[in-house]
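The listed protein sequences derive, respectively, from chains H and C. Mind the numbering: the first sequence is residues 1 to 353 in my numbering, read in order. Mind the numbering: the second sequence is residues 1 to 353 in my numbering, read in order.
Keep in mind that the hints are not guaranteed to be accurate.
Said to hold, decoys possible - Straight-line alpha carbon distances no greater than 20 Å define the calculated SDA-like cross-link-like pairs of lysine to any residue that follow:
1) H:K107 x C:H177
2) H:K182 x C:L111
3) H:K329 x H:S318
4) H:K35 x H:K107
5) H:K35 x C:S160
6) C:K5 x C:A350
Stated by the list, open to error - Quick partial rundown of chain C residues pointing at chain H, CB under 10 Å, derived from the structure:
7) H29
8) W77
9) T78
10) G105
11) L111
12) G128
13) V154
14) G159
15) N167
16) G168
17) Q170
Unchecked claim - Covered stretches of chain H, as calculated for chain C (at least 3 residues, CB under 8 Å):
18) 135-145
19) 170-180
These are computed hints drawn from the structure, not numbers from a lab. Positions of the beta carbon are idealized from the N, C-alpha and C atoms, including for glycine.
2 protein chains.
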Amino acid sequence: MDYLKRYLDLVERGMSDELSAQSRVVSPHLYSIVKQYIGAGGKRLRPCLLLACCEAVGGDAESALPAAIAVEMYHNWTLIHDDVIDHDDFRRGRATGHRLGALLGTKDLGLEGDIADDYGQSAAILAGDVLQARATEKLFELQGFPDAVVLSLVREMTGSLTVDLLNGEQLDVEMSHLAFEKIDEPKISGMMLGKTSALLRYCASAGAALGCGEPLEGCDIARDLGEFAALCGLAFQLKDDLLGIFGDEQRIGKPVGSDIREGKRTLLAYKALASCDAKERERFLQIYGLRDAGEADLELARQLLSRGVEATQETMESCVSLALGILEKLEIPSDSARSKLVAFAESMVARDL
Amino acid sequence: MDYLKRYLDLVERGMSDELSAQSRVVSPHLYSIVKQYIGAGGKRLRPCLLLACCEAVGGDAESALPAAIAVEMYHNWTLIHDDVIDHDDFRRGRATGHRLGALLGTKDLGLEGDIADDYGQSAAILAGDVLQARATEKLFELQGFPDAVVLSLVREMTGSLTVDLLNGEQLDVEMSHLAFEKIDEPKISGMMLGKTSALLRYCASAGAALGCGEPLEGCDIARDLGEFAALCGLAFQLKDDLLGIFGDEQRIGKPVGSDIREGKRTLLAYKALASCDAKERERFLQIYGLRDAGEADLELARQLLSRGVEATQETMESCVSLALGILEKLEIPSDSARSKLVAFAESMVARDL
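Bound conformation, chain H alone (with noise of 0.2 Å):
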């Protein structure tokens, strides 16, 4: 995403200097479950959105590095308890954090088989916790702003973002174990409000309401932005679930089988369903959660979710469609910030990774 290339570098630069804050003070195996993430690149979508909004509102996108770093260090905090408990060993084809835990226990402390596991699981569990933490904290570096922005920030950050966000991941653990006849198209959609949508609502409005100078509360145009935000959400998420079962192994960095495996309530998975005839749905609900699954069973449920895959885009879509809506009646100064969410909005469909 070329267009964020200028934003990215400040990421970049901001990551690496938070990494050395973190290494001089957090706990060794702590800190290389925490490095494993935030050091590792990833598409840093969201600290390029916050400074996105940040510019579009005619503020300065460097004052605002600090918040972006935050919601950064938010979103990895969430992505290694989400690991642990979804049992993921890979992510950006790296080891995620119970994993690496596992080895660090094992070259350092002798630690092997299940003890080594558990040790990898409490590793990871401490290193989310701190990463939780000091997401908020960091957002105390940033300067010149009246108190009020910087403490509306925080106050959401640590209520509103947090409950919805983990409800969100909530619903989506309860949900595969609920049949599909008891989800419903709001509840799906519910769910990704939750665990995708409300983390890019908060990036776009927090760096709006740095942008402008205000609290979040009372500004409105932080709240459209975090509208528009939370739509292309939706859509991310959608394109998460395609790639998730038809993307490239190897550019994703993780096995494409985990999604079906773990039985996910995903739009694809429901809208698939809802075209089968009884002898295929039968066939699907028996591999679909399926903790061992095998290539075979894997290749054929890919069969069948592929009958939701233009439902799915369609949906997509739309939200693309109405988060573009949104964004076309707000009043933003420069023509060059405008075509960058537009990108950002386009480039939730468009990706391949």
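Assemble chain C onto chain H, guided by the hints.
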């Protein structure tokens, strides 16, 4: 602890308000876990210390109540994740978070066996995460204090406090895998200063800062009362280690063998080992840290551990003396407030749960 009765009543009222607020926004299973911890009583030591320190410097306890509730929530967040890490099934005589989560998964989602356990663990991780965030958010309910005071409490909570505490927990886990030869008293103290003292220090300092209406950084009495509380914390942890081995299972509400099975590197174990002969030492090391140690094993370990009791008690009493020495030099306007803090320090040793 009768002298804390008035504070305790305040805290119970504040906590019940907080629980009703959470019941409206937090997902039901996560809320059940949160409620199991913060609704279940416990000693409420930390919020009472905060309120006592607020009054000791001439402040109004009632106005500091949101901070008292915040530290109790914070403490319980760490307990939920701790219980996952230590695989403890009971706390305060009730199911721990992951156990309760598993039971809810069975009741509401029909889950069984490993799947239920796994669900319970996910829910406990997420519930702890919610509580960590809301503990910080709770500080924003402080009314009538300058923004700079509230900001300083939030910043310290999400900064040094959390890093120190989690580093201490990590050290606790790491050390349980280290041979006793690689451990010394400073290492054990360092672990206790993080795992236990850091939060007590925060409680005392935050209470004093609120009582003075000053930010934490420049407030001398907040720093000194923090030192007092950190020393009390060491005594508290040493007593906890004693109760964990020799206490009344019914009263403490958790199995007394768990520290032995986890192989906790306590001062008690360290001192006991120092007075064992070679044969006893060998036997002790076979049992200590054995996950499936039987009753006879536990009894033998307990016998050997009793050799460390005297030295542990001496250290505990020195910590209390040092704490009282700090208190003596402080200017505390009210005698009744001072005597409450003296009673607090003495109760670290005298308690039986």
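Of the numbered hints stated previously, which ones are contradicted by the structure, given in increasing order?
Checked against the structure, no hint fails, so every one of them is satisfied.
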